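For the sequence shown, the numbering used here begins at 1 and goes up steadily by one.
Calculated from the structure, these hints are not laboratory results. Accuracy of the hints is not assured; some may be wrong.
Unchecked claim - In silico DMTMM-like cross-links for lysine to aspartate or glutamate, where the CA-CA straight-line distance does not exceed 20 Å:
(1) 37 / 55
(2) 37 / 81
(3) 74 / 46
(4) 66 / 34
(5) 78 / 34
(6) 75 / 33
As the list claims (entries may be wrong) - Label pairs and their calculated CB-CB ranges:
(7) 16 / 52: 14 to 22 Å
(8) 86 / 33: 29 to 37 Å
(9) 85 / 44: 26 to 34 Å
(10) 67 / 21: 14 to 22 Å
(11) 44 / 87: 13 to 21 Å
(12) 52 / 72: 26 to 34 Å
(13) 15 / 67: 15 to 23 Å
(14) 84 / 33: 29 to 37 Å
(15) 84 / 37: 16 to 24 Å
All figures in this text were calculated on a predicted structure; none of them were measured in a lab. Here a beta-carbon is modelled for each residue, glycine too, at the ideal position from N, C-alpha and C.
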Amino acid sequence: MEITAIEGPAIPTIAGMTANYFIGAMLSYKFIDDLSKAEDIVDNDESLELVLIWERNPTIMHRIAKGYTVSEIKKMGKYFEEQNLFLLSKNIIRS
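Working from the sequences, and respecting the hints, build out all of it.
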């Protein structure tokens with residue numbers, strides 16, 4: 001018997017995600033074409049000293065992130081970090 005699928009959300013939840021991780025991901029998407037811009041923002045803002053910038057694969061997220069200012073991204077990071085994470089059980093489908 002092999003596992004053929006796992007039922008569950010296809011999109012990962014961001015509730016409870018650390019603000020630093022969220023901000024790093026969003027800035028990495030926002031400046032996907034020139035990560036040095038994101039690194040400059042992080043380097044020049046003491047409140048972002050623990051934020052990491054890394055290369056992301058282009059998805060719809062880079063188009064979404066471009067629509068937000070850095071200030072809005074920071075506020076969203078704080079908001080989502082404060083949210084409770086609720087995990088749903090997953091059903092494993094076996095064939």
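Query raised in the report: Is the Cα-Cα distance between residue 37 and residue 55 20 Å or less?
Result: Holds - the C-alpha atoms of residue 55 and residue 37 are around 13 Å apart, at most 20 Å.
Requested in this report: Measure nothing beyond the straight line between the CA atoms of residue 75 and residue 33; if it is 20 Å or shorter, mark the hint as holding.
Outcome: 23 Å, violated
Query raised in the report: Quick one: are residue 44 and residue 87 within 13 to 21 Å, going by C-beta?
Result: Distance hint for residue 44, residue 87 is violated at roughly 37 Å.
Query raised in the report: Under the criterion that the straight-line Cα-Cα distance not exceed 20 Å, is the pair residue 78, residue 34 satisfied?
Result: 25 Å, violated
Query raised in the report: Is residue 66 within 20 Å of residue 34, Cα to Cα?
Result: 12 Å, holds
Report task. For residue 16 and residue 52, compare the CB-CB distance with the range 14 to 22 Å and indicate the outcome. Result -> 18 Å, holds
Query raised in the report: Taking the CB of residue 84 and the CB of residue 33, does the distance hold inside 29 to 37 Å?
Result: Check passed, 35 Å falls within 29 to 37 Å.
Query - Status of the given 26 to 34 Å range, CB of residue 44 versus CB of residue 85 - result: 31 Å, holds
Query raised in the report: Is it true that residue 67 and residue 21 lie within 14 to 22 Å of each other by Cβ?
Result: Since residue 67 and residue 21 have Cβ atoms about 20 Å apart, the given range 14 to 22 Å holds.
**Report entry** Distance restraint evaluation - residue 52, residue 72, Cβ atoms, bounds 26 to 34 Å
**Finding:** 20 Å Cβ-Cβ, so the 26 to 34 Å window is violated.
Query raised in the report: Between residue 86 and residue 33, is the Cβ distance one that fits in 29 to 37 Å?
Result: 35 Å, holds
Query raised in the report: Hey, residue 74 versus residue 46, does the alpha-carbon distance stay inside 20 Å?
Result: 13 Å, holds
Of the numbered hints stated above, those contradicted by the structure are hints 2, 5, 6, 11, 12 and 15, listed in ascending order.
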